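Colleague: This is what each chain is made of:
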Amino acid sequence: MVTDVRLGVDVGGTFTDVVVADGDGITVLKVPSTPESPDEGVLDGVTAAVDAGVDPRTVGFFAHGTTVATNALLEREWAETALVTTEGFRDAVAIGRQTRPDLYDLHAQPPSPIVRRDRRFEVAERLGRRGEVIEPFDEDDARAVARTIRESDAESVAVAFVFAFENDAHERRMAEILREEGVDGDLSLSSEVLPEIREYERTLVTSINAALKPVLNRYLGRLEDGVADAGVPASVTVMQSNGGVASAAATRERPVDTLLSGPAAGVRGAAHVAGEGGYDDVLTMDMGGTSCDVSLVRDGDPVVTTEGQVGDYPVTVPMVDIHTIGAGGGSIAWVDGGGSLRVGPRSAGADPGPICYGHGGTDPTVTDAHLLLGRIDPGTFFQRSVDEAAVREAVRESVADPLGLDVKAAARGIVDVANANMERALRVVSVERGHDPRGFTLVAYGGAGPLHAAELAEKLGVPRVVVPKSAGVLSALGLLISDAVHEEGVSAVRPWAEVDPAELTTRFDRLEAETAERLEAEGFPSARQRIERAVDLRYRGQSFDLRVEVPEGSLGQRNLTAVADRFHDRHERRYGHATPEEPVELVTIRLRARGIVDPPALSTDHGGTVDPDPRTVRRATIGGTTDQTPVYDRSALGPEATLDGPAVIEGAESTAVVPSGANARVDDVGNVVIEP
Amino acid sequence: MSETGNGIDPVTLEVLRNACIAVAEEMNATLVRTGYSPNIKDRRDCSCALFDVVNGEKGAELISQAENIPVHLGAMPYSVTAAIEAFPPSSLSPGDAILLNDPFHGGAHLPDMTLVTPVFVDDELVAVAANRAHHADVGGAQAGSVAADSTDIYQEGLRVPPVKLYDGGNPVEDVFDLLLTNVRTPEERRGDFRAQRAANRTAVDRLRELVARRGLDTVRAATTEIKAYAERRIRAEIQKLSDGTVRFEDYLDDDGLGHEDLRIAVAVTVDGDRVVVDFEGTSDEVAGPINAPLAVTASATYHAVRCVTDPDVPPNAGTYRPVEIRAPAGSIVNAQPPSAVVGGNLEVSQRVVDALLGAFGLEAPERAVAAGQGTMNSVTFGGADREGEPFAFYETVGGGFGGRAGADGMDGVHVHMSNTRNTPAEVLETTYPLRIRRYEYRPESGGAGEFRGGLGLRRDIEVLTDDVVFSLLADRRRHRPYGVAGGDPGSAGADRLVRANGDETGIAGKATHDLNAGDVVSVRTPGGGGFGDPTDRDAAAVARDLRLGTLSAAVARAVYGHDVDSDG
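Just so you know, the sequences run in chain order A and B. For reference, each letter of the first sequence is one residue, going 1 to 676 in my numbering. For reference, each letter of the second sequence is one residue, going 1 to 568 in my numbering.
Hints are supplied without guarantee of correctness; some may be wrong.
[Claimed, not checked] If you want the footprint, here are the derived chain A segments under chain B, 3+ residues with CB under 8 Å:
1) 8–22
2) 99–110
3) 189–200
4) 330–339
5) 416–424
[Said to hold, decoys possible] Far from chain A by the CB rule (all over 12 Å, computed), these chain B residues:
6) MET27
7) GLY56
8) GLY59
9) PHE87
10) ALA221
11) ILE226
12) LEU241
13) PHE248
14) GLU260
15) ALA287
16) ARG306
17) GLY330
18) GLY406
19) ASN419
20) THR535
It is worth saying that the hints were derived from the structure and are not from the lab. If you're wondering where the values come from, they're calculated on a predicted model, not measured in any experiment. Glycine is no exception: its CB is placed at the ideal position from the N, C-alpha and C atoms.
Using the sequences and the accompanying hints, generate a full structural model.
Modeller: Laid out in structure tokens, this is it:
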């Protein structure tokens with residue numbers, strides 16, 4: 001049987017989205033999520049696909065976006081975990097960087113340690129900066145620790161020794177001894193999970209990995225069984241935080257790599273639809289009810305950071321660089337004691353939500369402001385009639401009167417202040433990281449994103465906004481088009497001038513052989529593998545490094561010189577200065593291996609007409625003016641349709657605002673493209 | 001639309017206030033990323049801010065800041081004012097930058113170098129960008145320039161009055177030569193200076209864009225209104241405090257040269273929407289380096305006021321207007337030249353906060369917090385590395401935060417005026433001939449209480465080469481962090497030196513020692529004070545501390561009246 005059907009299933013808070021891709025295009029389905037046991041929702045999604053006519057036996061690819069690891073970390077529902085570390089470093093993972101979470105809040109609370117102090121054990125051993133043994137590994141000590149762990153209720157064990165990224169012998173020996181002494185739980189070694197310099201971050205990431213392993217093992221085990229029982233022959237793959245997918249087996253070993261699984265899939269999906277329209281440099285903006293996620297995509301690939309944060313914890317594995325701020329449609333507007341208009345961080349969320357939802361909300365929100373400005377339909381909202389007078393009264397009382405404004409100006413101000421917050425977030429991922437937003441396209445999705453995007457684009461000098469056709473399932477779509485990605489990094493701090501090209505080649509070759517084998521096992525033959533080599537370099541004495549690509553194949557001294565030259569160039573470009581005469585230092589050797597996936601064709605059958613008529617006309621405030629404004633039905637806009645602002649485009653998932661002077665058109669994959 | 005003042009409506013105010021904070025944060029991102037030394041990149045001992053020039057080019061006022069190190073930020077306006085007094089911006093050109101560190105010209109202590117750059121748009125001065133970074137060596141008698149035994153500022157390092165470091169965008173090579181000739185690690189310093197310049201250039205670029213978008217008049221009016229707004233908010237907050245005068249005293253151990261029990265006396269008077277802080281009765285300045293220039297005292301005072309009001313009030317010049325500081329000239333809170341001052345910024349500032357929070361706690365018991373470790377535990381190693389190159393390593397060590405109503409103090413953190421990060425052992429050992437032997441909590445060091453004080457830290461550092469000079473500048477080795485509401489004081493710090501041959505001795509809080517390969521310094525920092533009567537402590541919390549090994553059975557029984565056997 002031909003297995004050419006691809007299935008993507010993304011679990012969200014309310015809905016589990018299913019995208020089916022076959023030769024004819026894509027089909028989208030939604031089923032309710034089952035937060036208590038998310039795998040049930042996923043399997044419901046598979047059933048829904050079967051009900052819609054998919055023969056499960058034809059499914060050759062199954063990708064999944066999950067928040068199981070994220071929720072377990074944020075809600076502290078991780079497994080009982082033990083940590084074995086170097087003598088003298090028992091508390092280092094709890095001390096962290098010795099900072100407090102807030103400079104001025106005398107009542108701030110520190111993050112809770114992943115591993116309780118009475119489950120953190122020390123073994124006498126010590127390595128030096130090049131991995132040399134300073135103090136031998138104490139076998140007796142190690143056995144005593146192993147026996148204590150065996151008798152405890154720890155389900156999982158992390159092992160993290162100082163400088164283990166230079167020499168993993170002691171960690172491996174510790175793992176052997178744990179097994180010999182009868183510890184049969186999961187093991188995570190820092191030299192495998194994150195072989196990179198900085199003991200706190202490495203130990204923390206290894207501990208998080210250990211604490212999540214039993215959780216993901218159970219979850220993915222149930223899911224794999226269920227998918228197989230449904231008759232699907234494909235093995236389960238899982239979206240990783242770095243924007244690639246990996247097998248369930250690999251994910252069980254490294255659950256710490258899935259902390260941004262869902263959001264990364266969304267960025268992937270957004271990058272893909274923008275790419276279909278011809279835009280490869282993209283800023284993404286996913287604005288929902290309580291928060292707004294922004295990120296940057298360069299040459300079609302989401303920018304990946306190793307300085308990410310999840311909840312209270314720095315998680316220094318490669319993750320799509322997503323910056324989250326507390327600005328959503330439900331963010332509450334208020335006037336502070338100094339007479340300034342503020343929006344958020346408090347949010348009405350989805351329940352009770354904005355006043356206009358009619359679920360009992362009483363605080364004016366960003367969505368309520370849009371309603372009063374005529375940008376969203378004052379007649380109905382979620383099929384309920386809207387009490388516009390109640391919204392108007394709340395804005396008057398909470399915002400307009402205290403500021404001495406009329407209600408419309410207050411509503412306009414609420415949107416402007418929300419925009420200022422989001423503009424700052426977009427600047428963090430672009431300008432602050434050295435990217436000029438004027439060369440980027442802003443892709444806006446989430447229920448509230450398209451209401452704000454065009455105005456934000458004007459402020460940032462972004463030349464166009466793309467509102468994707470199927471914004472509600474971008475994450476599930478992202479699952480279907482993401483390559484399998486494995487990232488490896490090994491720290492080896494030494495002067496670049498002393499690096500032997502032959503030895504470096506050998507180290508890359510070894511990493512490459514390992515990852516090639518993993519990709520092979522995931523169904524990617526060598527013809528569909530792409531390997532990228534890179535090194536992180538810095539000036540000697542500098543503590544920040546920059547990534548520079550390294551050519552494939554056997555390296556010579558000339559290649560190493562060229563790499564150093566590229567480092568100087570990049571330093572100059574990013575920081576405005578470079579000093580080629582100063583010694584350069586190697587920090588980390590990196591390899592990125594991807595298994596290439598052929599993206600499914602997006603449907604070109606969109607319906608609608610080229611020359612649409614507005615569905616209605618209503619008074620709306622867009623920019624500084626209020627006027628009768630045409631309101632278009634998104635589904636009536638066919639490819640090549642164009643219209644001029646000011647206008648409002650209402651879709652099933654969101655409403656887009658087209659400012660005066662801008663025009664909007666529908667591209668041939670069905671996205672609305674707004675250009676000032 | 002209505003206006004809040006200065007011709008700025010409330011929406012524009014909030015939008016431009018965000019924009020100004022974004023500029024400072026972006027400066028900070030640049031500084032941390034381009035910094036050379038671990039002290040800037042890893043420990044983030046640096047701060048960035050925007051100012052506007054007022055009062056006929058005689059003063060500079062803070063508009064916005066990136067929040068890193070409290071002690072920098074309250075003090076930076078003094079530096080920027082000193083810079084523009086020496087170089088009125090109208091006499092400057094685009095691309096100029098002024099460097100200074102002189103504590104008697106607006107600086108804090110010599111290692112903190114401040115770089116001030118005027119921002120011009122079409123020949124009009126819009127603002128001044130400034131950043132301050134702690135350099136790991138600025139010359140003087142001891143590597144690291146945090147000597148515990150200096151008796152005047154000349155021994156503490158190179159004193160830099162306001163000088164032009166960049167002229168029209170070009171480095172002033174003579175000044176660079178002078179600076180770099182006088183420090184032990186010139187290449188690292190050059191790199192850090194460049195990073196400081198890159199940070200200010202970021203501000204220039206962003207402010208130009210902002211002016212292009214909003215117009216010069218709007219931006220200028222907004223910066224004025226941003227300050228007025230903060231002033232309105234802080235006055236409303238102060239109004240909520242009860243009127244009257246409260247007094248409090250706390251002590252620094254000594255100046256390292258035999259002058260002990262240095263008193264910080266405060267009288268805090270709340271009068272409607274203003275606060276007067278009077279330091280009358282504070283000890284006279286001392287020979288050792290435990291003297292604070294007024295800028296540092298002001299910084300600590302502003303910090304305390306922010307902590308006891310709403311931290312959401314944005315910090316800028318307006319926030320500080322309702323706060324009047326009276327500090328007797330010649331006392332340790334208003335030191336005069338040529339006092340040694342390096343410990344003013346590091347230690348006196350902490351005790352000023354302790355005294356003020358003590359006073360505010362009397363004024364409003366529900367806001368009271370027990371004293372935290374009250375010191376920064378500055379540790380410096382200087383010598384030659386394995387290749388014979390000179391090195392200077394500086395770091396500070398966290399300790400206990402005070403117990404608060406409803407929560408134990410945080411364990412092992414920097415308190416109040418500091419928030420610098422530690423240096424990872426692996427980074428430190430890769431860069432310097434040093435090795436971390438132990439880094440852990442000090443069990444039972446937090447003062448007992450219903451909510452116990454946070455735990456101090458123990459950090460053992462071994463030196464790997466001979467002829468290394470070690471210096472410790474720390475306090476709360478005798479005068480323990482106070483408890484409140486019946487809580488016990490935290491443990492004093494108690495540092496040790498273990499020689500390669502096994503000989504072990506205690507070391508003083510302010511001490512300098514010559515070390516050789518194999519010698520180990522064990523820095524043991526104070527715990528925070530406790531909050532509330534220990535016998536009111538929740539039995540489950542006592543049991544937890546027992547289980548975690550941060551409390552012994554003997555103390556659980558004696559202090560908390562805890563029946564250990566009942567835990568099974």
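Colleague: For this structure, which hints from the list above don't hold up?
Modeller: Numbers 1, 6, 11, 16, 18, 19 - these are the hints that the structure violates, sorted from lowest upward.
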